[in-house]
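Q: As a plain string of letters, each chain reads:
Protein chains: 2
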Amino acid sequence: MTEKQLQPAKARRAQLRERLIDAAEAAVERGGLAALKAREIALGAGCALGAIYTAFEDLDELILCVNQRTLAQLEKALATGGADGDELRRLGAEYLAYARAEAPRWRALFEHRMPEKPLPEWYARDLDRLFGLLEAPLQRLLPEEPAEALRAKARTLFSAVHGIVLLGLEEKLQPTPASALDAELSAFIATFERGLR
Amino acid sequence: MTEKQLQPAKARRAQLRERLIDAAEAAVERGGLAALKAREIALGAGCALGAIYTAFEDLDELILCVNQRTLAQLEKALATGGADGDELRRLGAEYLAYARAEAPRWRALFEHRMPEKPLPEWYARDLDRLFGLLEAPLQRLLPEEPAEALRAKARTLFSAVHGIVLLGLEEKLQPTPASALDAELSAFIATFERGLR
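Protein sequence lines, in the order shown, are assigned to chains U and P.
Residues are numbered in the numbering used here as their position in the first sequence, beginning at 1, plus a constant of 32.
Residues are numbered in the numbering used here as their position in the second sequence, beginning at 1, plus a constant of 32.
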């Protein structure tokens, strides 16, 4: 095949991938990972079921592509604020707001488990950029902290906030009105900040 | 029916419930909620499929009975230590150890969602007792704090620790060696304690 013939095949595959991600994204937005059915996605994208597996290595890759769009949305939601002293609390509040507004696709970020495979590099890079938003205010609080330790601290703080948002929104431990959850999360981050100083 | 005739029927139902909880517990221990199939549980308990629904209101009630046993295990694992200054860190470390050792049944505590129903009172009471373990050291740190605020703080701190354990064990955000997770969790709780003082 000549280069000229290859190009359209590549472009067609790229278009097919986009259509499949669109269809999968719509399903996840509606009902989370449980709503993601290969047959319906193929139908939505107007292709045969088997075409999914010519466009993607496996369903995991397709899910990660949807989750990558969610990461981009989340990053946009978090990256709007200024860099004042309440930056960590603002990030926490924005994270909670995003989880509330986009519950099914937010949950899909965490419900998906890669069986025996490390996260692909392109996905890990997007995650890194997201955590960078947390590292910046942490660095202002801990100017002496080495970069690797800051990286780890940002992920730990994210995980803690995530736990509060997750169990709070599900009301797993007790009935939790929205305003109480907002206040608890904010107080928690403020306490943590005081401890860092 | 006379009282005398009723008793054996009650006792038989109680025994059937125990056998069904045993069978469900074994399944959850092996593979979490995903391994819990009504047909296999009935087989394991030596009863007809329909008998599950004479012994329990629904599968949710059966799952909560298994989760109640997990809460009791967890409470036993957490309640072993003394009341020194590192009590919160010790509780965090024990929680992480339990989650590592009993991953499928620990996950089942959180994966199960009650559809549109509040948690039954007997389950909420066991949860309360578990959080009491956290409230005691928090109260020593915050002797002035009103009881309701302490209650909420204990649940928030639990949720934060849970998030760190959950995302750390799943290595969702980055590869996390066991020793790094131990150290991050401990440092996190120490920072939070400093912030409370």
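Don't read these hints as lab results, they were simulated from the structure.
Keep in mind the model is a prediction, meaning the values are calculated, not measured.
Don't take every hint at face value.
Same chains, same label: a pair holds when it works inside one copy or across any pair of copies.
Below, simulated SDA-like cross-link-like pairs (lysine to any residue); rule was C-alpha separation at most 25 Å, straight line [said to hold, decoys possible]: (1) K149 x D214; (2) K204 x A131; (3) K69 x A210; (4) K204 x W154; (5) K204 x F142; (6) K69 x A212; (7) K204 x E167; (8) K42 x R172; (9) K204 x E126; (10) K204 x F88; (11) K204 x A80.
Q: Hint by hint, where does the structure go against what was stated? Just the numbers, ascending.
A: 3, 6, 8 and 11
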